[in-house]
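Residue numbers (this note's numbering), protein chains in the order written: chain A, 1 to 303; chain B, 1 to 303; chain C, 1 to 303.
It is worth saying that the hints were derived from the structure and are not from the lab. Heads up, a few of these hints could be off.
In this list, chains with the same sequence are indistinguishable; a pair is considered to hold if it fits within one copy or across any two.
Said to hold, decoys possible - Each computed DSS-like pair below joins lysine-lysine, with the alpha-carbon atoms no more than 25 Å apart:
| id | residue 1 | residue 2 |
| --- | --- | --- |
| 1 | K303 | K43 |
| 2 | K43 | K31 |
| 3 | K27 | K88 |
| 4 | K43 | K27 |
| 5 | K223 | K167 |
| 6 | K167 | K16 |
| 7 | K219 | K16 |
| 8 | K30 | K43 |
| 9 | K165 | K218 |
| 10 | K218 | K168 |
| 11 | K86 | K252 |
| 12 | K131 | K79 |
| 13 | K131 | K165 |
| 14 | K43 | K252 |
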Amino acid sequence: MDLYGKDLITTQDWRKEWLDEVLALAKDMKKHRYEEPYTEILKYKTFFMFFYNPSVRTRQSFEAAATELGGHAQFLEPKAMRLKSKDKAGETIEDAASIMSRYGVGLGIRILEDAVERYGDGEALLREYAKYASIPIVSMAHDKYHPCQGLADLMGLQEHMGDVKGKKIAMMWGYSSMVRSWSSVQEDILLLPRYGMNFTLAYPEGFDLDPGVVETAKKNAEKAGAEFEITQSALQYKDWRFTSELNNLTNKAYFIHPMPVDRGNEVDDEVASGPRSIIYDIGENRLHAQKAIMALTMARGWK
Amino acid sequence: MDLYGKDLITTQDWRKEWLDEVLALAKDMKKHRYEEPYTEILKYKTFFMFFYNPSVRTRQSFEAAATELGGHAQFLEPKAMRLKSKDKAGETIEDAASIMSRYGVGLGIRILEDAVERYGDGEALLREYAKYASIPIVSMAHDKYHPCQGLADLMGLQEHMGDVKGKKIAMMWGYSSMVRSWSSVQEDILLLPRYGMNFTLAYPEGFDLDPGVVETAKKNAEKAGAEFEITQSALQYKDWRFTSELNNLTNKAYFIHPMPVDRGNEVDDEVASGPRSIIYDIGENRLHAQKAIMALTMARGWK
Amino acid sequence: MDLYGKDLITTQDWRKEWLDEVLALAKDMKKHRYEEPYTEILKYKTFFMFFYNPSVRTRQSFEAAATELGGHAQFLEPKAMRLKSKDKAGETIEDAASIMSRYGVGLGIRILEDAVERYGDGEALLREYAKYASIPIVSMAHDKYHPCQGLADLMGLQEHMGDVKGKKIAMMWGYSSMVRSWSSVQEDILLLPRYGMNFTLAYPEGFDLDPGVVETAKKNAEKAGAEFEITQSALQYKDWRFTSELNNLTNKAYFIHPMPVDRGNEVDDEVASGPRSIIYDIGENRLHAQKAIMALTMARGWK
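Work out the full structure: start from the sequences and follow the hints.
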């Protein structure tokens, strides 16, 4: 299996065997952190991180990933890029992507809902970069998907539960005082059912996801012999919080969250810091999953 | 002596033998710059620099320190961090510190008076990070202390004068057209008397330092058999400048300054660029002292 | 020939043999990218990039250059530098340059027309840094010159045409909807005639270049036995665009551009993406030329 040169815009674009290879490598990299040959994979090489939206975890984990692979991540923001837009003369994506392909070995892009005019424009932008770049494009979260979060979630669940086939996951999605992107939820409803998880998605009225993605999620579940269900509980809009009481109704469920967590509003402190919370493990897995993706798509000959 | 894992928020928290070890290592690193084993100490590892306040020297010297130890310093600013504040939902320090502990090996924080509501809040913030992080927290200057400047000052004085015990230091503190933090002065009045220097602190009315710190400084001096004196000269508020005339009254005193220097207002050019000015040596020592601190607290097994 | 320690503010300051050495090394580095000894040249060392003006290509290529030489480029902006200005107290260039000389091995500066009060102030600032720094200063484009673009252009022309002596180059310079600096054009009219190219410079009324630079360009041409001509065609102000029709009048001319290109306004897409466009090759050459400059001026003992 040669993943060299492949873009990763959503896990849905990738075959399950490819994802399995990423997960296996990520787990080995976690065990052998800072060890050869992993520390040599991107030596002297540049990975570009292009942030249309700022980020905490994503920037920290991608930059650390490049460092741990022996390379260097360049931090880019659009304000310095002089890119063409509807109202302003500037450089085309063709030119920007072509030149970055000469300087670096990979390009990560983050562009969420609030940085685009219409839902889907972020996805289209990534695919336009992918068209012109001769190096791999990796989504660092965009308006539609967040493949690295999905893989980190799956990796964390596998670490704590073993094979996830037939296991149940309930995901709540709703109002938050912090801006939230659909990207993580939409990635998870696509990815986790492919691994056979029975998925229940709960959200209040007005928080529907992209119907096309939901449709694909259902097909993924069906194909894997898993269940996929959407539910709208009687909870009011702003009461939509994962409480200790709700948690007690579960059979010792693990708690996951893409972070940052708005404690007290989205979830009770007792849950977020509780013994079954695996949010830090999954946060750490972002690093390992991304290292594995970068190693497999942006370098060759190190295995 | 194992300093691995220790926070450095002020030198006052550290035993004198620990500081001696830092100084000895810093001097050796200065002599053997870019040489093994020093260049391998942080190899493939991430040091986080979190700047609530911007900085010149501090950013340059910490980033170069990480590079020279073989590692990489990530530059972080709060605007991208989505941290919780009184008025805004966001991530808790518990969560931010926990995740950074998974990605990196150390965290430097800079937060001065103008970035906090009340004097002491910066110190409290560092200590809260230290509580939740499993990696060492280093002050890159905060509202109360500046341990790295203190150590660089001491190192420079030792290099030029040998043992500083019984030597006299006079420090002026007063109005400047540039914003000045108490951090450097307060660190020096604590640290230099511990090494036996006779300390005279001079400032105009209205420029009192933290009384608790002054109290501790006096105790430090007493314990080391050194003198500690505060004086308010007859100089007017804005005349508070170190002139060539004042300099001529000294017995060929060395001139030190934490930089940036506001030449012409704070000090005469003849002094700042004069033969007894050691400001560049001390500026350079920031690098070496910080490398030593990072090597001792953030890595293990290289000695 | 020992170029160690030399500033590069314009190629005009350098002897032709020195430039030849840069070009030869750049070509070899292009062939042996990511290979020893090139990857060891700046190992553990800091190169400062100081951007008074933001930039796309320049930042990407200089930062990648440092990475590929084994070192690290620090990204600095004036807002964090607390530098002295006419209206504001701050650090002098003497102090800033002296300290950076202690931390790093080289300093690149970018400062274009819109960041200075009068044309020439940027050039003067670079020369003031050069006066006080003990490490080399490299122009990353300033109001007057852009030596790295000039060398990348020349390198690209040599790669595609062999010896450029006696070859003809026509350069258009005029209105653009993007802000344009004189720096690239002025560097090229100085450099390319030195290598014997017959140079025709075309621009509309009101777009005159620095008369002193034009004078020197003519002398360079004369000395090399080359022609140098300035022409103002009958084209209207905003029609000043390199069209497919114009291109067809040439004898299969190569198309070059310092980028970013304002396609459709400055040049037709058919030309910019056409088979004779070498803009990406030249963009890539920025990297190799800069690596060669850094290796020769900022390091020693690796050859």
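**Study point:** Up to 25 Å CA-CA - K16 versus K167, copy category
**Key:** within (18 Å within a copy, 56 Å between copies)
Original post:
When no copy is specified for K303 and K43, does a C-alpha distance of 25 Å or less occur within a copy, between copies, both, or neither?
Top reply: both (14 Å within a copy, 21 Å between copies)
task: At 25 Å max between alpha carbons, let me know whether K131 reaches K79 within a copy, between copies, both or neither.
output: within (23 Å within a copy, 33 Å between copies)
Next item on the list: Check K43 against K31 for me: Cα-Cα at most 25 Å, and say if that holds within a copy, between copies, both or neither.
Entry: both (20 Å within a copy, 17 Å between copies)
Identical-chain pair category, K86 with K252, by Cα at 25 Å: neither (52 Å within a copy, 33 Å between copies)
Legend entry - Within, between, both or neither, where K165 and K218 count as close if Cα-Cα is 25 Å or less: within (16 Å within a copy, 67 Å between copies)
Using 25 Å as the alpha-carbon threshold, which applies to K218 and K168: within, between, both, or neither? within (15 Å within a copy, 64 Å between copies)
Q) Is the C-alpha distance from K43 to K27 at most 25 Å within one copy, between copies, in both cases, or in neither? A) both (21 Å within a copy, 21 Å between copies)
When Cα atoms must be at most 25 Å apart, do K30 and K43 count as within-copy, between-copy, both, or neither?
Classified as both: same-chain Cα gap 19 Å, cross-chain 17 Å, threshold 25 Å.
From the Cα coordinates, with 25 Å as the cut-off, is the pair K223 and K167 best called within, between, both, or neither?
Within one copy only: 16 Å inside a chain, 65 Å across chains, cut-off 25 Å.
Within a copy, between copies, both or neither: which one fits K27 and K88 at a CA-CA cutoff of 25 Å? Classified as neither; 45 Å inside a copy, 36 Å across copies.
Inset, instruction - Could you figure out if K219 and K16 sit no more than 25 Å apart (CA to CA) within one copy, between two copies, both or neither? - result: within (15 Å within a copy, 67 Å between copies)
Consistency note: the structure conflicts with the earlier hints numbered 3, 11, 13, 14.
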